[in-house]
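For chain A, the structure is supplied; the task is to place chain B on it using the hints.
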Amino acid sequence: MVTTEAVPKTPFQVTDFKKGNEMAAVAARQINYHLMGYYPITPSTEIAEELDEMYAEGQHEIRMVPADGEHGAAGICYGAAVGGGRVLNATSANGLLFAMEQLPVQSGTRFPMVLNVVTRSVSGPLDIRGDHSDIMMALNCGWIILLARDPQAVYDMNVMAVRIGEHPEVRLPVIVAADGFFTSHQKRRVRHFKDPQVVRDFVGQPLTPVTALDPHNPVTIGPYMNDPDLINNKYQLHLAMEAAEKVIPLIFREWGSLSGRYYLPVEEYQMQDAEAALFLLNSAAETAKDAVDRLRAEGLPVGLVSPNVIRPFPAAAVRQALRATRSVLIADRADSYGAHGGNMTIEVKAALKDDPLNHTRCISRIYGLGGKDFYAEDAEKLLRLALGGAKPGQAYVAFDYFGVTPGNPELKLSRLQPALTKADTTQGVVKAAWDEKAGKVKVSVLGPRQLTSVPGRIAPGHGACPGCGIFPSLNQFLKGIEGHVVLLFQTGCGMVVTTGYPYSSHRVTYVHNLFQNGAATLSGLVEMYREKIRRGEYPHEEITFIMVSGDGGMDIGMGSLIGAALRGHPMIVLEYDNEGYMNTGNQQSYATPLGHATSTSHVGPAEGGKAFHHKDTAQIMAATHIPYVFTSVEGLGTDLVRKAAKAQWYARKGSFAYGKVLSVCPLSWRYEERTGTRVVKAAVDCCLFPVYEVENGKTTITYNPEERNKRIPVSEWLGMMGKSKHLLKPEHAQTLRDLEQEVERRWRRLKAMHDHPLL
Amino acid sequence: MPATKKKQPFAAVLPHSNELGFFEMRFDSVGGLGANLAGQLLAQAAILGQGLNGAHFSSYGSEKKGSPVKSFVRLCGPDREVRTNSPVERPHLLAVFHSCLLKIPGTCAGLYPDSVLVLNAPDSLDAARERARLPSGTLCVVNALNIAVEEKTRLNTAMLGAIVKASRFIDPEPVRRAIAASFEDRYPHMVKPNLKTFDRGYLEAESREFPFDGRFQPVPFSRYEPELGYANAPIGGIIPNPGNTAAKDLSASRQGIFPLYHRDRCIDCGLCSMTCPDYVFVWDRRVDDNGKATQVLRGPNLQYCKGCLKCVEICPVEALTEECERPEFVFTGDVQLWGPPDALNTMGREGDPAKWEPQEGNYWTRVG
Chain A
0 MVTTEAVPKT
10 PFQVTDFKKG
20 NEMAAVAARQ
30 INYHLMGYYP
40 ITPSTEIAEE
50 LDEMYAEGQH
60 EIRMVPADGE
70 HGAAGICYGA
80 AVGGGRVLNA
90 TSANGLLFAM
100 EQLPVQSGTR
110 FPMVLNVVTR
120 SVSGPLDIRG
130 DHSDIMMALN
140 CGWIILLARD
150 PQAVYDMNVM
160 AVRIGEHPEV
170 RLPVIVAADG
180 FFTSHQKRRV
190 RHFKDPQVVR
200 DFVGQPLTPV
210 TALDPHNPVT
220 IGPYMNDPDL
230 INNKYQLHLA
240 MEAAEKVIPL
250 IFREWGSLSG
260 RYYLPVEEYQ
270 MQDAEAALFL
280 LNSAAETAKD
290 AVDRLRAEGL
300 PVGLVSPNVI
310 RPFPAAAVRQ
320 ALRATRSVLI
330 ADRADSYGAH
340 GGNMTIEVKA
350 ALKDDPLNHT
360 RCISRIYGLG
370 GKDFYAEDAE
380 KLLRLALGGA
390 KPGQAYVAFD
400 YFGVTPGNPE
410 LKLSRLQPAL
420 TKADTTQGVV
430 KAAWDEKAGK
440 VKVSVLGPRQ
450 LTSVPGRIAP
460 GHGACPGCGI
470 FPSLNQFLKG
480 IEGHVVLLFQ
490 TGCGMVVTTG
500 YPYSSHRVTY
510 VHNLFQNGAA
520 TLSGLVEMYR
530 EKIRRGEYPH
540 EEITFIMVSG
550 DGGMDIGMGS
560 LIGAALRGHP
570 MIVLEYDNEG
580 YMNTGNQQSY
590 ATPLGHATST
600 SHVGPAEGGK
610 AFHHKDTAQI
620 MAATHIPYVF
630 TSVEGLGTDL
640 VRKAAKAQWY
650 ARKGSFAYGK
660 VLSVCPLSWR
670 YEERTGTRVV
680 KAAVDCCLFP
690 VYEVENGKTT
700 ITYNPEERNK
710 RIPVSEWLGM
720 MGKSKHLLKP
730 EHAQTLRDLE
740 QEVERRWRRL
750 KAMHDHPLL
Chain B
0 MPATKKKQPF
10 AAVLPHSNEL
20 GFFEMRFDSV
30 GGLGANLAGQ
40 LLAQAAILGQ
50 GLNGAHFSSY
60 GSEKKGSPVK
70 SFVRLCGPDR
80 EVRTNSPVER
90 PHLLAVFHSC
100 LLKIPGTCAG
110 LYPDSVLVLN
120 APDSLDAARE
130 RARLPSGTLC
140 VVNALNIAVE
150 EKTRLNTAML
160 GAIVKASRFI
170 DPEPVRRAIA
180 ASFEDRYPHM
190 VKPNLKTFDR
200 GYLEAESREF
210 PFDGRFQPVP
220 FSRYEPELGY
230 ANAPIGGIIP
240 NPGNTAAKDL
250 SASRQGIFPL
260 YHRDRCIDCG
270 LCSMTCPDYV
280 FVWDRRVDDN
290 GKATQVLRGP
300 NLQYCKGCLK
310 CVEICPVEAL
320 TEECERPEFV
330 FTGDVQLWGP
340 PDALNTMGRE
350 GDPAKWEPQE
360 GNYWTRVG
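Those protein sequences? They're chains A and B, same order as listed. Residue 733 in numbering that gives the first Met the number 0 sits at position 734 of the first sequence; the count goes up by one each step and never skips. Residue 9 in numbering that gives the first Met the number 0 sits at position 10 of the second sequence; the count goes up by one each step and never skips.
Chain A with its partners taken away, still in its complex shape (with noise of 0.2 Å):
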């Protein structure tokens, strides 16, 4: 719902209700980028599941590449960079920081792009909320850096961004910086043009200097370049930086008389005779000037000093708003720890330190990371740290942190329950040994009542939702594994609902890391276990060492994954597949089947879900040769149970084991949670999920539905989940088509595998 009010002399705007990321994505659909590479990181993913759904719609024609990390998705837009068309992205945190190794590639070889950068902080410990932990790391990148405010100005700054990368002095990539879940996913009244047009002339044609797809006058792009000649190039993109800081005043000021919104690269707020001032980014800033104006209200002589841009670092611009200001308060929203101060802090001493006529006094506080809330009182408490810091001879503390608690000193810390012993999960219900004339190790396995006096390794009272699929499976998969066990968590759903601080469900040891790198986390681990006990360092503990992740996390770990599979180091790992990013929100993940609708592969006029076959990560890990691979699902019985017995066999022997389960996600696959054991069996029932073991290179069906009589079409499966019904009406069905080819065909061969032991 949208109302539109005429503005004299300027093209007509439309008058909306939007949040951060929603306005990136109008912006970004108005440009109409040539291509935007991605992958899904809190906050920043609606700006991607935005721009996918409008895409559905066919509103735009930016093409949408999903990645596999965002090392990859910096690739992607690097690649399309060198092509000379306009390249988007968009990310957060240590999705940022995973990409940063391109950042500079980009800029060295200068090729211009826009990558919004909605702030979160670091991790770790992992926290989603917005600090400015992330975009601080990004300062010596080479990206120009704009900042937006508010929803209004995320907008503004993604179509100026454009004109500022491009400009033939520039030559630069652009981060827009927005406050996470502040900006981000706050709604707020804003404008913008109803004709994209408007915003098409504004950025006009993209500018493309040099381009990697003109074959008749072929480049050779980053070549291998050492000193002396390098300095050269980065005094070139030390230059672009300075053209840059003459440029973007007069972006601003021409978006502004298109526009009626004026931007400049400091915005001053009531600094004519500021005696003290606060010096702030973002979000943050526009709550301060409520401070601001209150002390006002007492005849304090306050004021704000707040950047739109940091890199290039109006330095000039920030000396001028201070010259005759006593004290500035610097709050930075992200430590350089040891540095006594936060990078703004920094740059803003540095450039006051050029002016030999300067006397003003800096202060210097950190605030507000993790997301902690920043309130206009807690604006108003800086201020008057700033005014005290502004009286002549009056001591004050340089740097400090700012709204830390000190926690209840009463609180005795205990445990709520006792460790579990060796016999506490050695109750004798699975049984494996090895079977010489079988060639494999056979398990028996106590039925489900036998196996309730296995205690669990996870408590109850995780905040997963109701029906979720993976703690079942957890939990049945457990039951097979008998003693000490430590578990690595990759980021992902279990990961986030077992471990919310001060909470844990976990029983046992267990570690996070972030999804790209547990396999080889664990491995470490396993290494220094094994590394202790050769030295003597260690009581020969039996621990068994298992790492859990979702199907994302196979998508961006898969080469840490690989790698530990290829060295062979005793563990487990066992992936719940629920078929998409669930943590983050429904996107989809490679697993994903072809035609299932996320919120990165919507169903419309112009896309129809998921654009390509859902991968197979077990015969992936099946072609490293590891000694045994499994799927399995919940509801069969005891199969998973019986798997997992198997596999700690194996890691008890040295070796490596991987195992799969399907993983119902009621809230995302759109089906009454009380039927989620159905919908499961019915994906192995109808064959789009084998359930089958790969032990030392021979592949056995465990459960064969057409044996049993139980095959189902797969549309039948289709048919029971909100993200894949519209597969069964008519102007999908060559999706559905190609679907029940590529489930039959895999299923064939998986079939002739099983038949031929050299297969």
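If you are wondering where the hints come from, they were derived from the structure by calculation, not from laboratory data. Where a beta carbon is used, it is the ideal one built from N, C-alpha and C, also for glycine. Check the hints yourself; a few may be wrong.
As the list claims (entries may be wrong) - Have a look at the derived ranges for each label pair, beta carbon to beta carbon: (1) B:167 / A:13: 27 to 37 Å; (2) A:336 / B:167: 44 to 54 Å; (3) A:206 / B:221: 54 to 64 Å.
Said to hold, decoys possible - If you want the footprint, here are the derived chain A segments under chain B, 3+ residues with CB under 8 Å: (4) 12-18; (5) 120-132; (6) 179-185; (7) 266-273; (8) 361-374; (9) 378-389; (10) 444-456.
Below, chain B alone, put in the same frame as chain A:
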């Protein structure tokens, strides 16, 4: 259609505002009830349809469906700038989407003496006031769950109807248009039932002003401060208390239904335990007639049950049945696995001041 026949009854004027000029609203809910969407629609309607200015956002974390969430709406005059980004702590209107949230201390804290409390509950106004411990102000009660069940919709649109009515300044027409617009693209068949749900919420909501009578004392808002801070938190963010989520009470995640256990029908097959995502089933080790150790199901610990009913679906003998939540069921059906209360609260921050009683067999039952 309620109260929209007059031509221009709703000017862009706020009945109350704080020192920054905002009328502030907070919707307290649990994930899945649609409070976030309700807040968005309301703010959108008031801003684009009624000419006010304002903002909407929600509390965000990695909470999943069933976890407590808050949705914030700020409204101000058309010419005032919105600059604040912090959560609403002193709402002029508080809407509680799930009455179990009233158990969480602080839900009603920070209300002004004349604030409006909108509550989704089947209670009478007097009973609801007791439940909410409301010192004074306007109380508005609507049985939104019931309306949603009858209309086969979600209760958020019924709550919106009640909220709009209770606000006494928000024009229902733009809200209805916003509701229709939110459904018409993807779920056109849901437009009518949702508008009906909204209208019923509007019409069926009952409200009364309670003057301050000293029966309940106002509770000032206090910001949450963690028990563990820089002086006492273990270094590196580790949690040295394995499995302490067992101290949590997740009953509020259920949306009105739960599995009732019938011991007399149970064959102790263990399938419920195999399928349960929330590990609610408590088993006892017994010695059977032949002197062999065996497992006997004591029942579900409903403290952790989120009401997915997978166990009801899988139970071969109907020893678990789907029931509507009623207090007497919850308490008789509850089986407490871990205790005692002091240990439970050691690292707790969700201060449900539950009372516990030790039972035979070294477990504790929550009472009262």
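Evaluation of the provided hints:
no.: 1; hint: B:167 / A:13: 27 to 37 Å; in the structure: holds, 30 Å
no.: 2; hint: A:336 / B:167: 44 to 54 Å; in the structure: holds, 52 Å
no.: 3; hint: A:206 / B:221: 54 to 64 Å; in the structure: holds, 57 Å
no.: 4; hint: 12-18; in the structure: holds (count 4)
no.: 5; hint: 120-132; in the structure: holds (count 4)
no.: 6; hint: 179-185; in the structure: holds (count 5)
no.: 7; hint: 266-273; in the structure: violated (count 0)
no.: 8; hint: 361-374; in the structure: holds (count 3)
no.: 9; hint: 378-389; in the structure: violated (count 0)
no.: 10; hint: 444-456; in the structure: holds (count 8)
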